[in-house]
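Engineer: Single-letter residue listing:
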Amino acid sequence: MSDVRRLVLRRGRNAVITVVGIMTLNFFLINFMGDPTELFAPRDPKIPDEYVQENCIRYGLCGPDGKPLNVPDRFWIYLQNTFTGNWGKSYYWKGADVLNVVMPALAWTVILIGVSTVITILIGMVVGAVSAQRRGRAFDVVMTGFSLFFYGMPFFWLALMMQLTFRQPAFGLNWWPVLPTSQEYDVSIVGFSWARMDHALSALQHLILPAATLAIGTVAGISLVMRNSLIDVMTEDYVVTARAKGLAERVILRRHVLPNGLPPMVTLIALDMAFIFGGAYQVEYVFSYEGIGYVTILAITQYDFPVIQFVIVLGGLAVVLANFLADLVLLKIDPRIKVT
Amino acid sequence: MAMDSYAVGYWLRRRLGITEVRREKFLLVARRFQDVFVAVVRHRMGGIGVGILAFFVTLAIIAPLLPLPHWDQGGFGRIQQPSWEHPFGTDQLERDILSRVVWGTRISLLVGFVSAAIAGVLGTLIGLASGYWGGWRDETLMRVNDILLSLPWLVLLIVVATILKELSLEVIVLSIGLTSWSFTARVVRAQVLSIKERVFVERAKAAGASSASIIRRHIFPNVFPLVFANTILTVAVAILSESALAYLGKVNKNNLSWGVILQEADASSAVLNGYWVWIVMPGLALVFVILGFSLLGYALDEILNPKLRER
Numbered sequence: 020m021s022d023v024r025r026l027v028l029r030r031g032r033n034a035v036i037t038v039v040g041i042m043t044l045n046f047f048l049i050n051f052m053g054d055p056t057e058l059f060a061p062r063d064p065k066i067p068d069e070y071v072q073e074n075c076i077r078y079g080l081c082g083p084d085g086k087p088l089n090v091p092d093r094f095w096i097y098l099q100n101t102f103t104g105n106w107g108k109s110y111y112w113k114g115a116d117v118l119n120v121v122m123p124a125l126a127w128t129v130i131l132i133g134v135s136t137v138i139t140i141l142i143g144m145v146v147g148a149v150s151a152q153r154r155g156r157a158f159d160v161v162m163t164g165f166s167l168f169f170y171g172m173p174f175f176w177l178a179l180m181m182q183l184t185f186r187q188p189a190f191g192l193n194w195w196p197v198l199p200t201s202q203e204y205d206v207s208i209v210g211f212s213w214a215r216m217d218h219a220l221s222a223l224q225h226l227i228l229p230a231a232t233l234a235i236g237t238v239a240g241i242s243l244v245m246r247n248s249l250i251d252v253m254t255e256d257y258v259v260t261a262r263a264k265g266l267a268e269r270v271i272l273r274r275h276v277l278p279n280g281l282p283p284m285v286t287l288i289a290l291d292m293a294f295i296f297g298g299a300y301q302v303e304y305v306f307s308y309e310g311i312g313y314v315t316i317l318a319i320t321q322y323d324f325p326v327i328q329f330v331i332v333l334g335g336l337a338v339v340l341a342n343f344l345a346d347l348v349l350l351k352i353d354p355r356i357k358v359t
Numbered sequence: 003m004a005m006d007s008y009a010v011g012y013w014l015r016r017r018l019g020i021t022e023v024r025r026e027k028f029l030l031v032a033r034r035f036q037d038v039f040v041a042v043v044r045h046r047m048g049g050i051g052v053g054i055l056a057f058f059v060t061l062a063i064i065a066p067l068l069p070l071p072h073w074d075q076g077g078f079g080r081i082q083q084p085s086w087e088h089p090f091g092t093d094q095l096e097r098d099i100l101s102r103v104v105w106g107t108r109i110s111l112l113v114g115f116v117s118a119a120i121a122g123v124l125g126t127l128i129g130l131a132s133g134y135w136g137g138w139r140d141e142t143l144m145r146v147n148d149i150l151l152s153l154p155w156l157v158l159l160i161v162v163a164t165i166l167k168e169l170s171l172e173v174i175v176l177s178i179g180l181t182s183w184s185f186t187a188r189v190v191r192a193q194v195l196s197i198k199e200r201v202f203v204e205r206a207k208a209a210g211a212s213s214a215s216i217i218r219r220h221i222f223p224n225v226f227p228l229v230f231a232n233t234i235l236t237v238a239v240a241i242l243s244e245s246a247l248a249y250l251g252k253v254n255k256n257n258l259s260w261g262v263i264l265q266e267a268d269a270s271s272a273v274l275n276g277y278w279v280w281i282v283m284p285g286l287a288l289v290f291v292i293l294g295f296s297l298l299g300y301a302l303d304e305i306l307n308p309k310l311r312e313r
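Those sequence lines, one after another, are chains A and B. Under our numbering, the first residue of the first sequence carries the number 20, and numbering increases by one thereafter. Under our numbering, the first residue of the second sequence carries the number 3, and numbering increases by one thereafter.
Isolated chain B (complex conformation) (with noise of 0.2 Å):
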């Protein structure tokens, strides 16, 4: 029994509200997004950036099918040093440092995703807000950013830690993410003011349009791309601040990221042993991760800034 497949694709189209024009701007964004995506790749290095993002995501998806030990399994001998069983040898509690490794990417990835993504809706609603409207609306939600970007985080939530014993995934993902938006809304705000003040916007104002409109098909489009770059730093940003949270001791130990096994090895006097693999893995997993999300930011910078280009 064959289906027509035209038809259902008629149907689908009609369910899903996709109409001529809206599928035409879609692909509009979506060639843009690809042109971007191809001059980050061919920047040398965005590519490295991309590359080195691609290998640490595909790792974090892929864990539980390489043939590692389950990152929480003992029984492999207390602190043992590298050897081709465990390349990066075992820890305190008889389990093996490099399936760790390769887990802890997992809550370390998805820790900078949520929080960033958080940070960078945030920073942008506060942005267009701050900047679209100016006035007392502006004053006053850039005194909060002043606030905000001045407070020491880090200390604050070490104390919120030790009061709650252990920060769970979530106070930890919510309070990076309410904590980070400073830097993205001031940058939208800027980008706001510059924009508000063209042509095309006085003319969509002529025409009688909203303010919201104005802002969803004028101001916001000519955002995004600096709102998209920012957000990319702050995933690094963010992954940094929860290592430091996990090695000073303050998160659950169950969420295992590269921070937590840091911990461990400093709870183990690592460096006064010399168990140098231990400390040097995690670390340079995390570095790489870093260094991948501000090469990509960089070239994304580069590429989206007209100031920044060669001439």
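Next comes chain A alone, as it looks inside the complex (with noise of 0.2 Å):
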């Protein structure tokens, strides 16, 4: 076996352990704060006791026998569930698959963060590399200033913010633009549908607060990682030989910093995801998106636990993945990383 395919296969290895990990804290952490089939007892006494108990199987709390199961038989359950593609049913929904609950919300998460992030990563890497060229100039210091400025904003708060600017009657300035700051497309669209041009207008307009709240909120770390690694590189001899043999500095970057200097960048990026999904869960918050995050907080509000275990575990998964496959990644355009 190669060595490449050996550490592929390790971090492989890895990433399921984190992956069932994730699923075995989560289920026990929710698990211990409260009892689910607690939910299904019988409070009202004119609830029928068949239709607690044929409640109390169909959501996976009793076995077919109609007795309560204990905690360690769930779990091994779940597990089997999980892996074998029954994510669950929803209490508050009614007993739909989570999988039907989550996955319209799943939809709108996806374009917000993917638009937002995109955006990000192309001003961000931008700014760093030019930072990092001007080091100690003025340009570097007015824009380190500032991203370490937006770096610590509460998403929230810059949310707020943004719907304050942008609501109506924005500052009695009639050339103000006036943004939606709820939703995901007007209220008075029924059926919403892309397909539509009028849909599909309304649902971009109702994606430009949100979006650009998660990418202010995240072009600053981009921005100051991409600058650090990049003048890491830059005080290494290599660089310092080249400039001793006067190239000019675009030559420079382009053919020795840049390609040396990227690479952590991939990381970064992905480590970053776990910090755009908690951005995304405060933004859609504010802003009544409803996304993931939407959908997630009213499942905790109505306890529906596995419309939450499912969440937690998607999110995790999420990074994971994220994480493994910048590690492939990097294996393939850094030649540098050691296979041990």
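Treat the hints as calculated values from the structure; they're not laboratory data.
Label-pair distances were calculated between CB atoms; the ranges are: (1) Lys255/B x Asp353/A: 49 to 55 Å; (2) Arg154/A x Arg15/B: 44 to 50 Å; (3) Val129/A x Lys255/B: 34 to 40 Å; (4) His72/B x Asn89/A: 50 to 56 Å; (5) Lys351/A x Val146/B: 27 to 33 Å; (6) Glu87/B x Val90/A: 53 to 59 Å; (7) Arg46/B x Ile227/A: 33 to 39 Å; (8) Asn100/A x Lys167/B: 29 to 35 Å; (9) Leu30/B x Arg156/A: 34 to 40 Å.
Where is the CB? At the ideal position from N, CA and C, for every residue including glycine.
Both chains are sitting in their own frames, so use the hints and assemble them into the complex.
Structural biologist: See the structure below:
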């Protein structure tokens, strides 16, 4: 077996261990906090016992014989079900498949995160690269200051500020743009479809503020890391040599600095995924944008355990997957990675 | 009756076990700290960061002495716009918002410092163990670390908060502290891996030093600066987490933090009604404190990390 393949296998094994760990921790944390079987206890004497028992079986809390299962047994069944693609039924949405509850919301979140991440990476890398090249000069100092300022800004507050800035009546200035500050598309639209021009346009308009908020909140991290990563490379001997032999700064940047400074960015962007997800939850909450974050908050207030569990595992899975992919990409593009 | 100050000093030193060697050592460490501090203040960004933090820490300490009404005192009129008496206006329970923002500094900073301290100690211990012993211990600890890094903690904390109805200060501090050690542990581990291959560690081993003493004498002092810079950044993260939880209405409102003020503004539809001072001010306080910690952490990193030093 080649070394590379062994490394990939090990990383893959670690990813699987991590996912199982996430599921375990998640299951027990949630089950320690409240016993879901209690939710189906007959609080109302008018509800017949058979109905309660039927529900208990349907939601996988009781065995086929109608007796309540204990937590370890439920956990074992939960693990089996998760790997066979049976992700449970929502308590709140009258037993609808969790997947059907979460997927439409997930689509909106993917659009939101996708758009803002692309913008973020493009702007962040350019700003970081220019900053690194002009280290210590006015541009660098101002941009780094700005980045640090936005880096620590709570997403929810930034979202509130956006709403304040672009709301009606907009400071009484008639040229000031007023942008939609809630939901994914106009409230008047029934039966949304991307195929219809006016629907799509409305969705794009509603996307501007949430995506901008998420982008502003995350761009600083990328540009700072890019700057430091490049500066790291710029102090290497081969760059000094390149400069000594009289290469133009532009050529040094393109030929020597970027090829060595970019690979670490891949890992860092992957690590940033968890941060971006956290931001998306807050942004969705403030803008009432019905993505994953919104569905999660609703599920939490309704004690809808299967949905909460699924969403948390999904978030963890996305981060693990992003890191695994980043490792693979790095192996491909960075020959310096030691295969051990 | 004049006491012989020399005798008192001698007695005190004996009592506290201050020997000449220990004193020298302490002075060395203190001088190193002083050097770093001077470097941080001279560093443009570090100086600004220290200034910002000094301002807020002072504010937190002298809050009771300021000529402001108590944060929980009502009776100033319901949701008033800013005026000379109440520069930030008043809230839905007729309280002075300026006073609430000033007092909110206390809980926000407290949560930040205590949770970061917990995370720093945990991260250092785990990083040291993981890097020094390696093998299956390292493997296990790093898997746990991976799990912690990939779980959406904010969501889990919201679930906990919803089931407990609201979070008390201890629960917030503990849960943030117990979940944010991963980065510190990683950084420490990486540093330990490189230090333990150095000659001075080999020499100590050859001289028969125990693992405990090698870690304490040779490895920890070399890791500490990194832990310090990292913990400063963890403080900022902890304050952010607390503010998000508070904003979502998941904490006990008697533990007044800036997040709590923002939550109340939101509940009074401050955006819709244009009570912008109510939203802007606590948020700005939050942003500047975090900026202070970021600047300080950033400056420390540049000073302590040899690779980032200017040539």
